[in-house]
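Enquirer: If you want the building blocks of each chain, they are given just below.
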Amino acid sequence: MSCPRAQVVVYPGSNCDRDALWALKYVGFDTEFIDVRSKINADLVVLPGGFSYGDYLRVGAVAAREPIANEIRQFVENGGFVIGICNGFQILLEMELLSGALLQNSSGRFICKIVELEVVDNSNPFTRYFLKGERIRLPIAHGFGRYVKTEDVNVVLRYTSDVNGSDEQIAGISNFRGNIFGLMPHPERAVEKNLGSDDGLRVFLSIYNFLRGN
Amino acid sequence: MPKYQFMIDIQYKSNVRDPRGETIKRVLNEEYQIPVTLLRLGKSIRIEVEAENEEEALKMVHAACERILVNTVTETYEVRRI
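Protein chains in written order, with this note's numbering: chain A, 3 to 216; chain B, 8 to 89.
One chain only, chain A, in its complex shape:
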């Protein structure tokens, strides 16, 4: 079969778009950058980290209301896969494709370090190469990562300690259908041992091989 195709949405202010593209290429995806006025033509859409539109109003608020948002809504309704990383996760919440909110870390500080996480759900197409309950290490870099839960969600990743004040130490969630995954940690920054961890690689391998039908 043909190679799975991934598109990375580059918002004004995105800064993890190249890392995401590199990680996707690394596992074999056919990749492309798109912008807020592009059409989606992919198996996977990645909303990267960064500070879209400066995050001036609220994190992800303006990006969630650009024309690409309607494209993404249509895409996921048709079963397309979307991963939102960091600012991308914040955008998914502002779009109300996932529930809850991400507010300022309880310490009031920007936190940039590698943290330990527990894989709570490995039945998801993005996490099927992990063991259930496995402890993994991924970098975080956010000021607004405190997840506030407003309704029942499917928890995929949890911090193993209280990193930022998130409800139930939630670090990543998916919708119940399993095609929308949002997380604050950066798997795309952890795809080689010399980056401090290569645990993020399996996120991309999981979805790549899922899309290939393996």
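No false leads were slipped in.
Calculated pairs, DSSO-like style, for lysine-lysine (alpha carbon to alpha carbon, straight line, at most 30 Å):
1) A:Lys134 x A:Lys195
2) B:Lys32 x A:Lys115
3) B:Lys66 x B:Lys10
4) A:Lys115 x A:Lys195
5) A:Lys151 x B:Lys32
6) B:Lys50 x B:Lys20
7) A:Lys115 x A:Lys151
8) A:Lys115 x A:Lys27
9) A:Lys27 x A:Lys41
10) B:Lys50 x B:Lys32
11) B:Lys50 x A:Lys151
12) A:Lys151 x B:Lys20
Derived by calculation from the structure, the hints in this document are not laboratory data.
Using the hints, position chain B against chain A.
Expert: Just chain B now, kept in the frame of chain A:
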């Protein structure tokens, strides 16, 4: 068409933690010995719209709040004419 100005006051809901407000309150308590018992940091937006009348203008401002300016999951807001 006449112009109408409003102030929108946006605050976190009372059950939502506000680390910035907590930090400022702590400084006022500890560094300045001012017995502040509550400090919540919200934001205010000054906005002007063109409309037929004040009622229409107010409707537009509420629409702006509901559509983008306020995240009603975590925030509440009030609008007043200035």
